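Peer 1: Sequence:
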Amino acid sequence: MNTTARVGAHAASWSTMNTSSPEPSAAPSPGPGGRRGLPAHLRPSLIGLVALGGALGSAARYGTEILLPAAGTTGGWPLATLTVNLLGAFALGFGLEALARLGRETPRRRNVRLAGGTGFLGGFTTYSALALETERLLSGGQAGVAVTYALATLALGFLSCLVGVLLGERAGDAHLRRSRAAGSEADE
1 MNTTARVGAH AASWSTMNTS SPEPSAAPSP GPGGRRGLPA HLRPSLIGLV
51 ALGGALGSAA RYGTEILLPA AGTTGGWPLA TLTVNLLGAF ALGFGLEALA
101 RLGRETPRRR NVRLAGGTGF LGGFTTYSAL ALETERLLSG GQAGVAVTYA
151 LATLALGFLS CLVGVLLGER AGDAHLRRSR AAGSEADE
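For what it's worth, full-length UniProt numbering labels the leading residue of the sequence shown as 1, then goes sequentially.
Check the hints yourself; a few may be wrong.
Computed Cβ-Cβ distance ranges for the label pairs, DEER-style [claimed, not checked]: (1) Gly-103 / Ala-131: 35 to 41 Å; (2) Ala-131 / Ile-66: 17 to 23 Å; (3) Gly-72 / Val-163: 40 to 46 Å; (4) Ala-174 / Ala-51: 29 to 35 Å; (5) Thr-74 / Gly-183: 47 to 53 Å; (6) Ile-47 / Gly-75: 38 to 44 Å; (7) Val-147 / Gly-183: 51 to 57 Å.
Rather than coming from a laboratory, the hints here were simulated on the basis of the structure.
Bear in mind the structure is a predicted one, so any value in this text is a computation, not a measurement.
For each residue, glycine too, the CB sits at the ideal point set by N, CA and C.
Whenever a hint applies, use it, and build me the whole structure from the sequences.
Peer 2: Put into structure tokens, the structure is as follows:
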């Protein structure tokens with residue numbers, strides 16, 4: 001299967017992991033004791049996981065901005081924003097693919113996806129800073145740098161995510177092989 005078809009197939013598997021937006025006709029799943037509970041996107045505990053992950057991701061982005069040189073010292077390139085967006089694209093591709101490879105979503109996998117993917121990586125990456133920095137470069141007379149920066153971020157972000165998906169596929173499959181081998185050894 002070629003890479004494009006593989007990525008398309010993986011994107012379809014990610015959509016099956018979405019528990020935050022149930023179909024309008026779908027009834028909420030029964031909670032403990034067989035009661036109908038709130039949908040995932042309305043559960044305070046899951047909202048808290050996303051918020052906690054987002055706060056930690058935002059703090060990590062701020063730390064990255066402190067550690068990396070300012071745009072004024074890099075020829076106009078907002079290196080910190082480029083770095084967090086590329087790392088975030090890679091991590092999201094890797095994490096979602098690895099989780100999808102492990103099989104059906106469990107409460108633990110859902111919590112990892114929500115806290116890590118939606119929360120942490122949502123707070124860590126920043127499209128708004130990309131847009132603002134591109135506008136500042138344009139209004140500062142650096143149109144070439146602005147266009148190159150914006151296009152490079154999008155192209156490299158796609159490639160980072162693709163590499164993450166491919167490595168996540170390998171990691172998820174390797175984990176399943178180890179789990180199956182350990183299970184068959186336990187049966188003997």
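Peer 1: Each hint needs a verdict: does it hold in this structure or not?
Peer 2: Results for each hint:
1. Checked against the hint of 35 to 41 Å, the C-beta distance between Gly-103 and Ala-131 comes to roughly 38 Å, which is consistent with it.
2. Distance hint check for Ala-131 and Ile-66: the Cβ-Cβ separation is about 22 Å, which falls inside the suggested range of 17 to 23 Å.
3. Between Gly-72 and Val-163 the CB atoms are about 30 Å apart, so this pair departs from the stated range of 40 to 46 Å.
4. One distance hint, 29 to 35 Å for the beta-carbon pair Ala-174 and Ala-51, holds here, with the actual separation near 32 Å.
5. Take Thr-74 and Gly-183: their Cβ atoms lie about 51 Å apart, and the range 47 to 53 Å holds.
6. Checked against the hint of 38 to 44 Å, the pair Ile-47 and Gly-75 passes, with Cβ atoms roughly 41 Å apart.
7. Against the hinted window of 51 to 57 Å, the Cβ-Cβ separation of Val-147 and Gly-183 comes to about 53 Å, which satisfies the hint.
Checked against the numbered hints given earlier, the structure breaks only hint 3 and satisfies all the rest.
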